[in-house]
Structures are given as structure tokens and as C-alpha cells.
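J.: Read top to bottom, the protein sequences are chains A and B. Numbering-wise (numbering that gives the first Met the number 0), the first sequence opens with residue 0 and increments by one. Numbering-wise (numbering that gives the first Met the number 0), the second sequence opens with residue 0 and increments by one.
Just so you know, these hints were derived from the structure itself, not from any lab. The structure presented is a predicted model; accordingly, all values stated were derived computationally and were not measured. Don't be surprised by glycine CBs; every beta carbon is placed ideally from N, CA and C. Among the hints, erroneous ones may be present.
Stated by the list, open to error - With a cut-off of at most 20 angstroms between alpha-carbon atoms, the simulated SDA-like pairs for lysine to any residue come out as follows:
#, chain 1, residue 1, chain 2, residue 2
1, A, 148, B, 329
2, A, 148, B, 328
3, A, 148, B, 310
What the hints assert, rightly or not - Taking beta-carbon pairs under 8 angstroms as the criterion, some of the chain B residues facing chain A (in silico):
#, residue
4, 200
5, 260
6, 346
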Amino acid sequence: MDAILLQLLNGLDKGGAYALIALGLTLVFGTLGVVNFAHGALFMLGAFCAVTFNKLLGLEKVVVDETQTTAWGTALEIRTPYIESWFGEFGSFLLNYSVPVSIIVAIPVMLVIGIVMERGLIKHFYKRPHADQILVTFGLAIVLQEIIKHYFGANPIPQAAPAAVAGSADIGAWLGLGDGLVYPWWRLVYFGFSAAVIAAVFAFLQFTTYGMVVRAGMRDSETVGLLGINIQKRFTVVFGIAAVVAGLAGVMYTPILPPDYHMGMDFLVLSFVVVVVGGMGSLPGAVLAGFLLGVLQSFASMNAVMTIFPGINQIIIYLVAVVILLTMPRGLLGREGVMED
Amino acid sequence: MKEMLNREPFALAAFSLVILLMPIWLTPFGANYPDLLQKFAIFAIFAMGFNILFGLTGYLSFGHAAFLGVGSYAAVWSFKLFTMNVIPAIFFGVAFAGIFALAIGYVSLRRSGIYFSILTLAFAQMSYNLAYSVLTPITNGETGLQLTLQDPRIIDNAFTTPGAGLPETNLFGIDMSGYPGFYFCAVVLIICFFITRRIFNSPFGLTLRGIKSNQNRMGYTGLNTRPYTLTAFVISGMFAGLAGSLLAVTDPLAGAERMQWTASGEVVLMTILGGVGTLIGPMLGAWLIKYLENIFSSFNEITLEHFFSFLPEGLQSFAVELASLFVGEGWHLTLGVLFMLIVIFLPGGLMEGWRRLLRRFSGGGGGKSEPAAAVQPAE
Numbered sequence: 000m001d002a003i004l005l006q007l008l009n010g011l012d013k014g015g016a017y018a019l020i021a022l023g024l025t026l027v028f029g030t031l032g033v034v035n036f037a038h039g040a041l042f043m044l045g046a047f048c049a050v051t052f053n054k055l056l057g058l059e060k061v062v063v064d065e066t067q068t069t070a071w072g073t074a075l076e077i078r079t080p081y082i083e084s085w086f087g088e089f090g091s092f093l094l095n096y097s098v099p100v101s102i103i104v105a106i107p108v109m110l111v112i113g114i115v116m117e118r119g120l121i122k123h124f125y126k127r128p129h130a131d132q133i134l135v136t137f138g139l140a141i142v143l144q145e146i147i148k149h150y151f152g153a154n155p156i157p158q159a160a161p162a163a164v165a166g167s168a169d170i171g172a173w174l175g176l177g178d179g180l181v182y183p184w185w186r187l188v189y190f191g192f193s194a195a196v197i198a199a200v201f202a203f204l205q206f207t208t209y210g211m212v213v214r215a216g217m218r219d220s221e222t223v224g225l226l227g228i229n230i231q232k233r234f235t236v237v238f239g240i241a242a243v244v245a246g247l248a249g250v251m252y253t254p255i256l257p258p259d260y261h262m263g264m265d266f267l268v269l270s271f272v273v274v275v276v277g278g279m280g281s282l283p284g285a286v287l288a289g290f291l292l293g294v295l296q297s298f299a300s301m302n303a304v305m306t307i308f309p310g311i312n313q314i315i316i317y318l319v320a321v322v323i324l325l326t327m328p329r330g331l332l333g334r335e336g337v338m339e340d
Numbered sequence: 000m001k002e003m004l005n006r007e008p009f010a011l012a013a014f015s016l017v018i019l020l021m022p023i024w025l026t027p028f029g030a031n032y033p034d035l036l037q038k039f040a041i042f043a044i045f046a047m048g049f050n051i052l053f054g055l056t057g058y059l060s061f062g063h064a065a066f067l068g069v070g071s072y073a074a075v076w077s078f079k080l081f082t083m084n085v086i087p088a089i090f091f092g093v094a095f096a097g098i099f100a101l102a103i104g105y106v107s108l109r110r111s112g113i114y115f116s117i118l119t120l121a122f123a124q125m126s127y128n129l130a131y132s133v134l135t136p137i138t139n140g141e142t143g144l145q146l147t148l149q150d151p152r153i154i155d156n157a158f159t160t161p162g163a164g165l166p167e168t169n170l171f172g173i174d175m176s177g178y179p180g181f182y183f184c185a186v187v188l189i190i191c192f193f194i195t196r197r198i199f200n201s202p203f204g205l206t207l208r209g210i211k212s213n214q215n216r217m218g219y220t221g222l223n224t225r226p227y228t229l230t231a232f233v234i235s236g237m238f239a240g241l242a243g244s245l246l247a248v249t250d251p252l253a254g255a256e257r258m259q260w261t262a263s264g265e266v267v268l269m270t271i272l273g274g275v276g277t278l279i280g281p282m283l284g285a286w287l288i289k290y291l292e293n294i295f296s297s298f299n300e301i302t303l304e305h306f307f308s309f310l311p312e313g314l315q316s317f318a319v320e321l322a323s324l325f326v327g328e329g330w331h332l333t334l335g336v337l338f339m340l341i342v343i344f345l346p347g348g349l350m351e352g353w354r355r356l357l358r359r360f361s362g363g364g365g366g367k368s369e370p371a372a373a374v375q376p377a378e
């Protein structure tokens, strides 16, 4: 029982990341009809927003204190981050909470990146075949990740979660299941965060006039355009929002997985599978499939399962995708008429 | 001239001449050394095979590197278990890649368009993950599969006593390293060219083109398209397996990174760069990419400083800084940029550019704007 609950929790945070990326992919596909292979790169860029922010905060002033010496006999260097010497308490608070605080930085940055990407490149590919869209965004993904590699190096850069949530939560005690069940706080935070972001996106689309127009545009953009609404502009904003969602997923994921330049592609392949399983163009499907596949993957990595099917944890997602595509070609919640052939 | 080239014997003779004389005509370009020449021939085969699928049927596979990897593994196992002769190695490489392609193609080809791309990508990533983890006894995981002194090599050891060092791959006694290795790959490439040319001109090739331009209509005429696409998929998988086994022939190693999506992306790029659906375009694309890779990745800061030494001090360091993004370790950035530029501005690749040039010079100002043979996805 404990083990099953633990795997369920394990799956939820990974599933949260899949769901957030897949949500953005589906939004872009549903509005602009573009298959964006560079979406994983946006996730990666978000993660590197957090890294950059943390690096900037961590710039240190080095004071050499001649009176004290270290164990090696050299003068002691006292390092204080500028931010602490300027703001004192608040500075160290910022440093501690650098990952969540970098959300504030990441939102405008990702929005701008998304809109520039759409206006500068993707706009010219609406009328081109899907193969061309795949190819050009694939090229863009390579370019983005190589630029990151040039400036940040090829090694993963670990990021610390805030001290308050760095430990583990004693979930077993809450549920009265005994002491054995502990789970990292940050992963619970991540799950809550992804749920909140997903809820916000859905609320935006469902309860605002802007969102209503976007939904109408997803159904039939031509008619919406004939009604005198500049639907193209709104779709560009939606692309920006999708970029923000992917970026935020990346920012918050940094304490779980130290970011490196190719994390985007790793997640992208899985997220595409998620989108296909959920049903191309279906937002609830993307979210559902994201969590479902995350949980399935973590169950597949249980020891009990691994002894029966060795290596199943590596391929379970792909296997599920193959089975789903062959039995329900539209995916779990796919709508009729979207990407039908 | 053109009519002559359309006749098969002439086309083959001309092609063979160009390929076999590569060590001579590539010398002025500084590309005349066996390692690079071998790569030219091998990746030309890979791209040609990929083009049979993507160019003729329009199905964009993002997992072709998996077949390359399988071919390599099978070939190295043949070296380890049976003999260092390359013929069985190639046979096993092609056969295993073919079987593998049959299985993957059977499932993936049930869907088309973007679904097909994602399915093949998923299968390739699955193979890559498996090669890295569970299949370590077969693939030797991260280290890669290598020859060892303890290998059984039953056939070789039955006839000769093993030497002290690791044996070399050979073709009935001819060592397959250096120029002999290149000539061997070149002959295989010429055979592949012959096969590809036959496929392009056959009724089968015509059917595949029909599927590319409109699969539904092909269906309405009473043709079951799936066996045709599956055959094309398996043939192109076998070409990839052949290329993989040749990689193992010239250098008896096989690693999982050959199956990664970047490798699949590279062959897509070669084909696009050269010209999708043309006979020799993919080969030219493969040559250009391997040539550029060779040049760009050998650059470093010092060569760059030398190169920009004519500039004033400040400008020089700026130019070096900027250029160093694209060379050496950053070669993949150049690749990505090239990829985007080609897809954006020249979807028909080098062959399309060549045709445009020809039209400009011969067609009296090039007023005729003939609809370009755009890449159609399989819908």
C-alpha cells in the first residue's frame, strides 16, 4: 500500500511536467495548426531562466581578510553576495527562494520569446505542409539548445529548492499509514503548482471573453475573422501563453532535475507521445494523458514490476502510445475532424 | 547529353566514374583522406535509402537512425561470433535492419502525417533507451560494442590461429581500412544507386509517388496502399542497416548514440538539403554535410584568430568570439541554422537551387514560374 501510494505521488510530479508541456503543444496546435518541435526547447529555456536568475543573484563580493587565515595558511576570503550586502535579510530571502522567485522573471521573458518566435518564424509556416513545420521547428530547437550549450556548458547545473521545502514531507503520518512514507516537499509543491497553472489556463479559456474568442477561433477561425475580430493577434498571444506555461514548467522543475541543454528534447518526445495519447487538439486529453503516463511510468519502475518485465520503465510510455494509437486512433479524448486522414 | 544520361548504362558509368575518382577530384577541396571518403559513401547510402521513403511516399520518418544502429550492432556481432569477413557482417546488418523495419513499419504505417513521424520517433527513442539499459548484454550499454580478444569468431578460428592483436575487418584477405575500405563502400554505393534508380523508374516507384500526391485517390482507384508504403519503409530501413554495417566495417564499433534522434535528424537534413525526391540530391546533401562537419569541427580559436587577423584588434576579437559559436564544439549550431535556412528559403534543396539557376540562364530571364515540386506530407 505504501509503495503504491509512493509511486502514485512520484508519477504525479513528472506527470505534471508532461501535462504542462503537452498543454502548450495542444494549445499551439489547436489555434495555429502548427506542430511545434521547438516546444521542448521552451521548457529548457524556462529552466535556464531560473539558472540565470540564480547566477545573477549569487554574484559575490570577495573581501580578503588578512587577519584571519584558512587551514592552508592563506588569507581568508569572505564572500558575500551583493544582494545580501544591499538588502540584508530580504537579500538572503531572495537567494533562498531564487527558484520560485524566478517565476516572476520567467513570465515576461518567456512571453516575449514566444511572441518573437511566432511572429518571426512560425507565422510564415501556416500554409506550408506539416512536414515543413516539423522540420523548421526542429532546426530551431537545435539552434536554441546549442546556444544554451555554448553559454552554460554541457553539464547539468543543480538548483536548490528553498530551505523551507527542501526536506521531505511525512505523508504516512498525515494519512495514518505509519512512518515509512516520506516524500520530498518540493515534488508536492510541483504537483500543486502544475495543477494551479493548468487550472489558470482552463479558467482563462473558459471564463474570460478573450478566452471565449480564442475557443471560437479554434473551432472556426475564418468565421471569427469575418466577424471583424483580429483572431491572428489572439493566436499569437496564445502562442506566448503556451511558451510561458512551458517555461514555468521548466523553472519549477529545476530542483527536481538539474537542467542541461538537451532536457528539452528529452521531454519533447515524451510530450508528443502524451499529446497523441490524449488526442490531438484536446486540452483535457493532454492533461489527463500527461498525468496518466507519468503515473504509469512510475509504477513501471517499481521493483516488483521490474523483476517481471526488465526495462519496462524505459519503454512503457511508448508501448502505451502504440497500443492507444492502434486501438483508438483519435487518442483518449480526441475530437473528430482534427488531424484526421 | 541529357538523353544520354537517361540511358541506364551511361548513367551508371558516369556515376561510377564520379564515385571511384573521388580521391582525385576531392584533393583540391582538401577532403582526400580515407576516413572522410568512407563517410561520404556510407552516408550517401543512408540518405538515398531515407529518400526512398520520404522522397517517394512523403512519409517523414524521425526514427531512421534506429535501423542504422541495428545494422551496426548486427555487423559487429557477426565480427565477434563468426568471422572478420565483411560479407556476412553486411548480410546480417541488412537482414536484421530489414526485420526490425518490418516490425516498426507495420505498426507505424497504420497512421500517416504527423502521427507517423511521432510514432517512428517514439520507436527510435525506445530502441535507444533499451540499448542503453536492459539490452546491455547485447549492446554493451554506454561503452559501446567492441571487438575483444576473447571473441569466439568460430569460422576464422577454425581455419587460422588468431594473432596477438585485434584482427582487422577484411574482404577475403583485403584489409578494410583506408582506401580499400573506401573503394569497397564506393562499390556498394554504386550498387545502391543502381537499385535506387531502378526503383525510381519502376511502376512501383510511380505508385509510391501517387501515394505521396494523394493517398485517398490512390485508394479510390482500388489500390491497397499499405503494402506499397510498407515495402518502401522496409527497403529504406535495409539501406540504413547497410549503411550501419558499413560503418562497422570501416571501424568495428557500435554505440547506442548512433540511434539517437539527433542522428535521425541528420539524415532528414541531408535529404532536405540535397533535394527531397530527387535521385542524387540526398547524396549531395550527405556529402556537403559531412564535408562541412569535417571543416567546421576542426576549427578552433587559434585558427579563427589567424583567419581574422586582417581585422583591427577590437573587431578581430569580436569576430573570433562570434565565429567560435559556430565552429568546433558549436558545429551543431551551424547545422541547425543551415537546416532552418534550407527549409525556409529553399524547400527543394540544392537540386531545386540548381534548377532555378539553370532556368535563369537558359530560359531567357527566367520568367516562367513553374510550380515548385514542394514537399507534400502524406495526408
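J.: Now look at each hint and say whether the structure bears it out.
T.: To see whether the hints hold, each was checked on the structure:
no.: 1; hint: A/148 x B/329; verdict: 8 angstroms, holds
no.: 2; hint: A/148 x B/328; verdict: 9 angstroms, holds
no.: 3; hint: A/148 x B/310; verdict: 28 angstroms, violated
no.: 4; hint: 200; verdict: 25 angstroms, violated
no.: 5; hint: 260; verdict: 7 angstroms, holds
no.: 6; hint: 346; verdict: 6 angstroms, holds
Of the numbered hints given earlier, the model fails hints 3, 4; all others are met.
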